Amino acid sequence: MFKIDFSDQKLRAILIQTLVVGVLAYAIFWLVQSTSYNLEKRDYKLGFGFLNDPAGFDISFSPFYSFVATDSHIKVYLVGLANTLLISFVGCIAATFLGFSIGIIRLSSNWLLSRLAYVYVEITRNIPLILQLLFWYALLINLPRLKNSIAFGEAFFLNNRGLNSPQPIFGDDFIYVTIAIILAITVSIVFSRRAKKIQEKTGKQYPLFLINTASILLFPAIVYFIAGSPLEFELPVLIGFNFVGGMKIPPEFMAMFLGLSVYTASFISEIVRAGILSVNKGQIEASRSLGLKQNRIMKLIIIPQAMRVIIPPLTSQFLNLTKNSSLGIAIGYADLVHGFGGITLNITGHAIEVMAIVMSTYLIISLTIAFFMNIYNKSIQMDGR
Amino acid sequence: MKILRISALLALVSFFSAPAIAGTLEDVQARGFVKCGVTTGLLGFAAPDDSGNWKGFDVDVCRAVAAAVFGDSSKVEFTTTTGKTRFPTLASGEIDVLARNTTWTFSRDVDLGFEFIGINYYDGQGFLIPASLGVASATDLDGASVCIQTGTTTELNLADFFRANSISYESIPVETNDEARENLFAGRCDVYTTDASGLAATAAQADNPADWILLPEIISKEPLGPLVRHGDHVWGDIVRWSLNTMIIAEEKGLTSNNLDTKLAMNNDPEIFRLTGKEGEYGAMFGLSNDFGYNIIKQVGNYGEVFERNVGLKTPLKLARGLNAPWTDGGLLYSPPFR
Amino acid sequence: MHSLNWIKQNLFSTWLNSIVSIVLIYFLASVIPPLLDWFIFEATFIADDRTGCTTEGACWAVVGARFYQFMYGFYPTEEVWRVNLVYAMLPFGIAPLLWDKIPFRKQFLFFSMAYPFLVFFLLYGGPGLSSVASNKWGGLLVTLFLGLGGILIAFPLSIFLALGRRSKMPAILTLCIVFIEFIRGVPLITLLFFGNIMLPLFLPEGINLDTIIRALVAVTIFQAAYGAEVIRGGLQAMPKGQYEAAQALGLSYWQMNYKIILPQALKITIPALVNTAIGLFKDTSLVLLIGLLDLLGIGRAALADTKWMALHVEVYVFIAGIFFIFCFGFSRYSLYLERKLNTDNDGENK
Chain A
15 MFKIDFSDQK LRAILIQTLV VGVLAYAIFW LVQSTSYNLE KRDYKLGFGF
65 LNDPAGFDIS FSPFYSFVAT DSHIKVYLVG LANTLLISFV GCIAATFLGF
115 SIGIIRLSSN WLLSRLAYVY VEITRNIPLI LQLLFWYALL INLPRLKNSI
165 AFGEAFFLNN RGLNSPQPIF GDDFIYVTIA IILAITVSIV FSRRAKKIQE
215 KTGKQYPLFL INTASILLFP AIVYFIAGSP LEFELPVLIG FNFVGGMKIP
265 PEFMAMFLGL SVYTASFISE IVRAGILSVN KGQIEASRSL GLKQNRIMKL
315 IIIPQAMRVI IPPLTSQFLN LTKNSSLGIA IGYADLVHGF GGITLNITGH
365 AIEVMAIVMS TYLIISLTIA FFMNIYNKSI QMDGR
Chain B
606 MKILRISALL ALVSFFSAPA IAGTLEDVQA RGFVKCGVTT GLLGFAAPDD
656 SGNWKGFDVD VCRAVAAAVF GDSSKVEFTT TTGKTRFPTL ASGEIDVLAR
706 NTTWTFSRDV DLGFEFIGIN YYDGQGFLIP ASLGVASATD LDGASVCIQT
756 GTTTELNLAD FFRANSISYE SIPVETNDEA RENLFAGRCD VYTTDASGLA
806 ATAAQADNPA DWILLPEIIS KEPLGPLVRH GDHVWGDIVR WSLNTMIIAE
856 EKGLTSNNLD TKLAMNNDPE IFRLTGKEGE YGAMFGLSND FGYNIIKQVG
906 NYGEVFERNV GLKTPLKLAR GLNAPWTDGG LLYSPPFR
Chain C
60 MHSLNWIKQN LFSTWLNSIV SIVLIYFLAS VIPPLLDWFI FEATFIADDR
110 TGCTTEGACW AVVGARFYQF MYGFYPTEEV WRVNLVYAML PFGIAPLLWD
160 KIPFRKQFLF FSMAYPFLVF FLLYGGPGLS SVASNKWGGL LVTLFLGLGG
210 ILIAFPLSIF LALGRRSKMP AILTLCIVFI EFIRGVPLIT LLFFGNIMLP
260 LFLPEGINLD TIIRALVAVT IFQAAYGAEV IRGGLQAMPK GQYEAAQALG
310 LSYWQMNYKI ILPQALKITI PALVNTAIGL FKDTSLVLLI GLLDLLGIGR
360 AALADTKWMA LHVEVYVFIA GIFFIFCFGF SRYSLYLERK LNTDNDGENK
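Sequence lines, in order, name chains A, B and C.
So for the first sequence, the numbering used here puts the first residue at 15; every next one is plus one.
So for the second sequence, the numbering used here puts the first residue at 606; every next one is plus one.
So for the third sequence, the numbering used here puts the first residue at 60; every next one is plus one.
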């Protein structure tokens with residue numbers, strides 16, 4: 015009786031799956047057929063050859079590559095991808111810092127402070143991001159004009175065309191300083207590990223932070239002077255229409271940065287708050303009775319435990335931020351969607367190929383972030399259990 | 606039961622879809638109005654007023670088509686399109702005609718599968734700068750920040766022009782004309798480049814239009830015209846002759862006001878043919894013979910439409926220039942109506 | 060005495076707290092009065108155009124002049140009662156879904172199920188009603204249509220996807236995983252572009268969907284994938300005993316899910332579902348980028364008018380206010396549900 019029932023279910027499962035796959039295959043066949051008919055009717059030739067054609071337009075914001083109009087559409091893609099990754103990376107870092115701060119402030123014993131943090135969270139997370147981006151952009155382009163730039167010394171100039179700052183120019187001998195920095199960091203890591211072991215064995219504590227900071231700062235500084243100060247700064251100077259020389263952060267980038275980090279930070283702060291609240295109160299009381307100071311309780315007891323709760327939702331916030339960076343199109347930030355998915359698509363008319371490339375790129379970015387965050391998550395979940 | 610569900614689904618699909626298999630004219634007549642694609646808002650060419658009525662030069666081309674097909678210029682509905690969505694929207698059949706200051710180029714005509722039915726505005730790409738910038742020529746713009754609208758031919762012309770003159774610039778690409786205008790007025794960019802008519806519209810929106818000047822260089826030909834899908838020649842003819850009727854009417858001195866008196870007093874056979882008093886011209890493409898009369902009476906001749914929307918008495922203050930009839934030294938020249 | 064104590068404990072408990080409080084009080088005192096002046100006391104509420112706004116504060120006249128467009132878009136004035144009717148019935152349509160203690164809930168639920176069809180009929184027109192094409196819709200109408208429409212249609216899809224992702228049939232499982240992960244891996248804007256630019260290339264001649272319907276398809280599948288993951292979390296949280304007990308009773312797969320598993324799983328996931336729904340509601344503003352005139356699109360159209368240009372702050376604040384009311388309301392509701400759920404569970408545990 016049981017056996018027949020089992021095989022019956024199995025049969026049914028096979029039937030259902032065959033049916034679903036069959037319907038899907040038919041739907042795909044139907045779509046492919048009508049698509050190829052449509053494409054033929056419109057004389058649309060599928061293919062990626064257009065990627066090698068010269069773009070014909072210019073992209074001004076391209077910190078990693080130099081881009082000119084004669085470069086190919088592949089270069090447009092690379093510039094867009096680099097810009098997407100750049101804004102996502104700095105956005106995630108800023109959102110994490112801001113989010114952690116707001117999350118901790120919301121648990122402050124000062125009523126006024128925690129209320130203000132609450133107001134911040136509710137306002138920023140209940141208003142569409144695109145509106146916030148437009149707001150930041152409107153704010154930034156209404157800064158003083160070029161001629162009336164807000165100057166910080168002779169080095170930094172803030173105006174409605176962005177922030178101009180000195181550009182470091184590395185001499186040939188700067189390689190020694192780079193080596194010194196890497197060396198100092200390696201030594202610090204090794205030292206920290208040993209100190210931790212010693213502490214676990216004997217309970218002896220070193221002022222780790224102080225020693226490490228000193229060595230990372232001092233050692234390269236000494237090497238720098240021995241090598242003959244191989245670093246110069248090029249100052250921005252106002253010539254003609256714009257500042258010449260130095261580095262320039264355009265308002266499009268700043269608005270994206272502010273908008274993405276302020277918006278995402280409100281979600282992260284809620285995650286952090288929930289994470290901290292999830293830590294058992296007994297743990298805190300116990301550590302207090304052991305005589306630990308408040309900041310050490312936070313660092314040694316609360317944060318490590320809270321992190322286990324925080325990391326998974328934090329991952330999805332990083333993913334959201336990366337995907338939300340596609341809104342650059344609303345304010346003219348030349349990311350993947352604006353530069354390649356927008357201008358290239360318009361000029362070449364190859365909608366299917368361009369959209370396929372854009373979508374699979376985002377998919378790969380998302381899967382990569384999820385993959386690494388999962389590894390990190392696993393490592394801290396194992397830790398201490 | 607299954608059949609019921611499938612037929613319900615089909616009914617739902619047909620509810621949201623307009624059958625595009627029949628000729629466009631039959632579709633339009635069955636539907637009761639013309640579907641016309643316009644910009645999301647460009648002063649003088651297409652923009653909704655406070656009460657939501659669409660007004661503008663491109664809008665009036667659509668109204669002329671409606672007057673021709675239905676004898677009623679109000680039987681038209683407008684769909685907003687961006688630079689990116691305009692061609693797919695037309696190709697998909699969601700609109701019957703695209704009147705969105707679109708430049709007639711070889712690849713758009715041939716490769717994209719559209720048919721430009723004529724030119725309703727001869728334009729060229731220019732540069733708009735604040736007078737205070739103290740620049741007299743576009744070649745002095747070395748190092749300037751330039752606002753451009755993406756998805757347009759102007760983007761490519763700009764790169765070509767600056768490269769040919771070996772001057773550098775910073776491009777500030779935006780999606781719509783409004784964003785470009787905001788950026789320009791705020792000083793985010795030194796100069797805005799697009800079709801000269803669009804620049805006039807932009808300057809007209811400044812608090813003090815006299816603070817803004819157009820540079821003398823016109824760096825491209827931008828023949829702007831309405832377009833339809835390839836393949837439906839009857840519909841293409843209707844849109845083409847709706848535009849031509851307005852052009853001929855101006856040539857013959859017919860306006861919406863004097864039409865009836867002129868018809869009573871005149872003996873010009875071409876006017877009789879144009880207004881349907883003589884011949885069966887409308888019936889040749891399935892319209893009533895007085896389609897020309899309706900266009901002139903309800904929408905006006907080309908000159909009226911021009912002056913009403915973009916002419917010297919409007920904020921845009923555009924001179925006729927190339928867009929004068931050939932008899933006045935312009936380029937407007939319609940094939941004869943016979 | 061009591062309030063003095065409260066102030067001392069919450070604002071001035073330590074010297075650091077006292078400094079922070081004083082700084083914040085000073086900050087608020089210097090920021091709030093000018094803000095209030097701008098918003099209300101110095102604002103102009105009625106004017107013909109921006110030059111009529113002579114006071115220092117906000118120029119709310121732009122909102123007044125374009126209020127009809129903000130609410131209905133270009134919907135014909137003589138037919139606008141249909142939109143008003145849709146708005147008026149909205150609370151009755153969603154109340155029984157949100158609140159399980161409403162009187163006559165069963166009867167109301169039937170109305171809720173009929174409501175979407177009623178909305179389609181009223182807005183588009185049909186037998187007895189003149190047709191109003193969707194290119195005349197705009198403002199709040201488009202925002203609500205896409206937001207609430209997407210959420211409602213996506214809900215059953217999410218359930219099927221979630222069940223599929225826990226299915227033991229490999230073909231179904233793979234399909235669901237690929238679909239969910241694909242949609243969750245790409246930004247909504249690419250889906251909207253896909254629907255707007257590419258879908259017409261895929262569909263056969265004769266099938267020709269409105270822009271707004273294509274946008275609705277995009278937001279619906281987007282929401283369905285996110286909702287599916289939330290519901291999957293709820294299904295995973297169900298104790299195994301529930302499944303075993305249901306199977307022991309001889310219930311079929313659908314009976315088990317419909318009668319035993321889903322009611323419990325959905326109950327615990329609703330707060331999280333509401334949160335993803337809020338996200339979608341905000342994201343509908345992206346349709347601005349495909350040329351649809353939602354609230355934000357109408358706002359930008361108003362700013363394109365010479366009469367009202369440069370009033371960005373007023374227009375954006377007004378739109379932000381509308382979004383805030385909806386999203387904040389729903390987030391409060393989700394919080395209420397969460398609290399209710401916690402107390403219910405506590406009761407069971409005792």
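Hints may contain errors.
Unchecked claim - Derived list of chain B stretches under chain A, where covered just means 3 residues or more per stretch with a C-beta under 8 Å from a C-beta of chain A: (1) 667-674; (2) 721-732; (3) 741-754.
What the hints assert, rightly or not - In silico BS3-like links for lysine-lysine, alpha-carbon gap of 25 Å or less: (4) A:Lys307 to C:Lys195; (5) C:Lys195 to A:Lys24; (6) B:Lys660 to C:Lys195.
To be clear, the hints were calculated from the coordinates, so they are not data collected in a lab.
These numbers come from a predicted model, not from an experiment.
We put the CB at the ideal spot given by N, CA and C, even for glycine.
Next item on the list: Kindly indicate which numbered hints from before are broken by the structure, ordering the numbers from low to high.
Entry: Failing hints, ascending: 1, 2, 4 and 5.
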